[in-house]
Amino acid sequence: MRLPCPCCGDRDIREFTYRGAALARPGEGAGIDRWDDYLHLRDNPAGAVRDLWYHGGGCGAWLVVERDTVTHAVDGARLAAEGL
Amino acid sequence: MRYSAFEILKQGLTGNRGWKPVWRDPVPKDEYDIVIIGGGGHGLSTAYYLAKEHGLRNIAVLEKGFIGGGNVGRNTTIVRANYFLPGNSEFYSHSLKMWEGLESDLNYNVMHSQRGLINLFHSDGQRDAFARRGNAMINQGDDAVLLDREGVRRHLPYLDFDNVRFPIYGGLLHPRGGTARHDAVAWGYARGADSRGVDLIQNCEVTGIDISGGRVTGVQTTRGAIRASKVGIVVAGRSGQVAAMAGMRLPIESHVLQAFVTEGLKPVIDHVVSFGMGHFYISQSDKGGLVFGGDLDFYASYAARGNLPMKEHVMEAAMTLMPVIGRARVLRSWGGIMDMTPDGSPIIDKTPVDGLYLDAGWCYGGFKAVPGSGFSFAHLIATDRHHAPAARFRLDRFRSGAGLMDEEGTGSQHNLH
Chain A
1 MRLPCPCCGD
11 RDIREFTYRG
21 AALARPGEGA
31 GIDRWDDYLH
41 LRDNPAGAVR
51 DLWYHGGGCG
61 AWLVVERDTV
71 THAVDGARLA
81 AEGL
Chain B
85 MRYSAFEILK
95 QGLTGNRGWK
105 PVWRDPVPKD
115 EYDIVIIGGG
125 GHGLSTAYYL
135 AKEHGLRNIA
145 VLEKGFIGGG
155 NVGRNTTIVR
165 ANYFLPGNSE
175 FYSHSLKMWE
185 GLESDLNYNV
195 MHSQRGLINL
205 FHSDGQRDAF
215 ARRGNAMINQ
225 GDDAVLLDRE
235 GVRRHLPYLD
245 FDNVRFPIYG
255 GLLHPRGGTA
265 RHDAVAWGYA
275 RGADSRGVDL
285 IQNCEVTGID
295 ISGGRVTGVQ
305 TTRGAIRASK
315 VGIVVAGRSG
325 QVAAMAGMRL
335 PIESHVLQAF
345 VTEGLKPVID
355 HVVSFGMGHF
365 YISQSDKGGL
375 VFGGDLDFYA
385 SYAARGNLPM
395 KEHVMEAAMT
405 LMPVIGRARV
415 LRSWGGIMDM
425 TPDGSPIIDK
435 TPVDGLYLDA
445 GWCYGGFKAV
455 PGSGFSFAHL
465 IATDRHHAPA
475 ARFRLDRFRS
485 GAGLMDEEGT
495 GSQHNLH
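Line order of the protein sequences matches chains A and B.
Using my numbering, the letters of the first sequence map in sequence onto residues 1 to 84.
Using my numbering, the letters of the second sequence map in sequence onto residues 85 to 501.
It is worth saying that the hints were derived from the structure and are not from the lab.
Just so you know, even glycine gets a beta-carbon here, dropped at the ideal spot from N, CA and C.
If a hint is listed, it holds; no wrong ones were tucked in.
In silico contact screen, one side only, chain A against chain B (beta carbon under 7 Å); selected entries:
| hint | residue |
| --- | --- |
| 1 | 1 |
| 2 | 20 |
| 3 | 36 |
| 4 | 44 |
| 5 | 69 |
| 6 | 70 |
The list that follows gives simulated cross-link-like pairs (lysine to any residue, SDA-like), each with its CA atoms no further than 25 Å apart:
| hint | chain 1 | residue 1 | chain 2 | residue 2 |
| --- | --- | --- | --- | --- |
| 7 | B | 395 | A | 11 |
| 8 | B | 395 | A | 54 |
| 9 | B | 395 | A | 52 |
| 10 | B | 136 | B | 105 |
| 11 | B | 94 | B | 104 |
| 12 | B | 434 | A | 45 |
| 13 | B | 395 | A | 73 |
| 14 | B | 395 | B | 414 |
| 15 | B | 395 | A | 20 |
| 16 | B | 395 | B | 407 |
| 17 | B | 395 | A | 58 |
| 18 | B | 434 | A | 31 |
| 19 | B | 395 | A | 47 |
| 20 | B | 395 | A | 15 |
| 21 | B | 371 | B | 418 |
| 22 | B | 395 | A | 2 |
| 23 | B | 314 | B | 295 |
| 24 | B | 104 | B | 275 |
| 25 | B | 395 | A | 51 |
| 26 | B | 395 | A | 70 |
| 27 | B | 434 | A | 35 |
| 28 | B | 434 | A | 39 |
| 29 | B | 350 | B | 240 |
| 30 | B | 434 | A | 37 |
| 31 | B | 395 | A | 74 |
From the derived model, a few chain B residues whose C-beta atoms are all more than 10 Å from chain A:
| hint | residue |
| --- | --- |
| 32 | 103 |
| 33 | 106 |
| 34 | 113 |
| 35 | 139 |
| 36 | 142 |
| 37 | 211 |
| 38 | 297 |
| 39 | 298 |
| 40 | 304 |
Could you put together the complete structure from these sequences and hints?
This is the structure we're talking about:
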């Protein structure tokens with residue numbers, strides 16, 4: 001599997017660390033259900049996902065990667081700094 | 085089907101043409117008292133114990149593929165009870181005791197082999213941690229022996245004891261740990277459940293869960309609708325998808341875990357050996373293949389196959405631990421899909437929907453739990469009360485933070501176990 005880093009181009013997944021589903025962090029004052037949702041509960045789809053990867057072996061950017069959990073096909077990636 | 089030495093001889097001399105199917109292939113009825121979704125090891129054992137322990141008869145197991153074709157046929161067959169934390173400790177202890185009586189209970193040879201499991205350690209700190217774990221195992225009533233370096237050498241002379249990075253200081257021996265024949269476990273439970281009247285319905289995928297007024301009323305399947313007042317979800321690896329049919333989101337992420345087997349060799353590895361620092365473990369099957377594996381690939385996946393970096397890592401760990409393995413050739417590798425929970429421990433619980441029960445989240449430890457999980461889940465479904473050894477496997481522990489069982493001590497968070 002290779003991930004298309006917007007800064008570095010196609011790179012081997014050895015260079016990346018997986019974080020998990022790309023979810024928006026709850027805001028200040030969010031209740032326990034919202035935090036439970038963010039921390040634990042997952043749609044966990046068999047198919048298209050958007051998840052977070054850290055390019056520690058490259059440019060050091062956090063990426064939002066669009067890929068397929070059944071085929072391992074990678075459709076694209078962009079900087080998480082631009083928004084989830 | 086009864087087996088005997090005479091029958092084997094007779095069939096052998098007549099071309100093995102007289103063997104009959106071991107379980108029926110029934111057409112699904114319109115209604116059952118209990119429907120179990122998932123005909124894997126846990127689903128079959130659940131149905132078996134519902135029939136055997138609770139006297140229930142009107143039960144169907146719905147399997148989308150074929151019996152033995154899911155994760156029960158895709159694991160590395162290790163059976164052990166060397167857990168540390170309350171919750172896990174009593175559950176796996178109970179499950180191991182059930183393994184020890186399983187063959188006579190099922191009247192089926194599951195080739196349960198208590199060949200001993202050795203967890204290696206490589207530093208003084210690790211020795212202390214394993215001594216503590218061994219004491220916890222003994223307190224639970226199970227067995228553990230702390231081996232020093234020479235003690236390990238007597239059992240495992242083929243290891244590289246003087247590896248520069250991970251010299252072997254000793255190991256924790258769990259003599260009652262071992263392996264079993266995974267297919268036979270599925271077949272034995274299937275036969276036992278079928279003979280007690282359970283309908284095992286293969287090629288029957290559940291496509292919907294019917295809920296009315298907060299109560300489960302049945303399921304929709306590729307072979308028609310089936311009414312039921314109680315439904316159990318036992319589909320580890322696919323739990324999220326099936327739970328979504330009931331409008332639930334679970335604290336589960338599906339990950340792929342790879343395993344490998346070599347060509348058949350003469351007996352060389354007599355135990356199950358675990359090399360935690362290399363995320364590596366190995367045993368030898370009765371056919372002679374070395375069966376080994378490593379860590380998760382560590383990204384959400386349903387692909388049932390992994391990527392090359394983890395294959396490389398596992399091979400490197402194997403060569404680090406036992407250079408002799410370099411002579412063996414890998415025959416095949418595969419991936420199993422793991423229900424990973426945030427704390428690495430499973431779930432056996434009711435759901436917010438009345439009559440709907442959940443057995444899930446087995447992470448990479450489901451095989452050894454097959455008897456205990458089925459027994460405890462059957463108890464929960466039949467009586468609506470938690471079975472004591474599995475009473476801590478609650479679904480709400482993540483939300484509340486109370487009762488987390490983070491065996492590795494890495495934190496209760498996805499992608500850390």
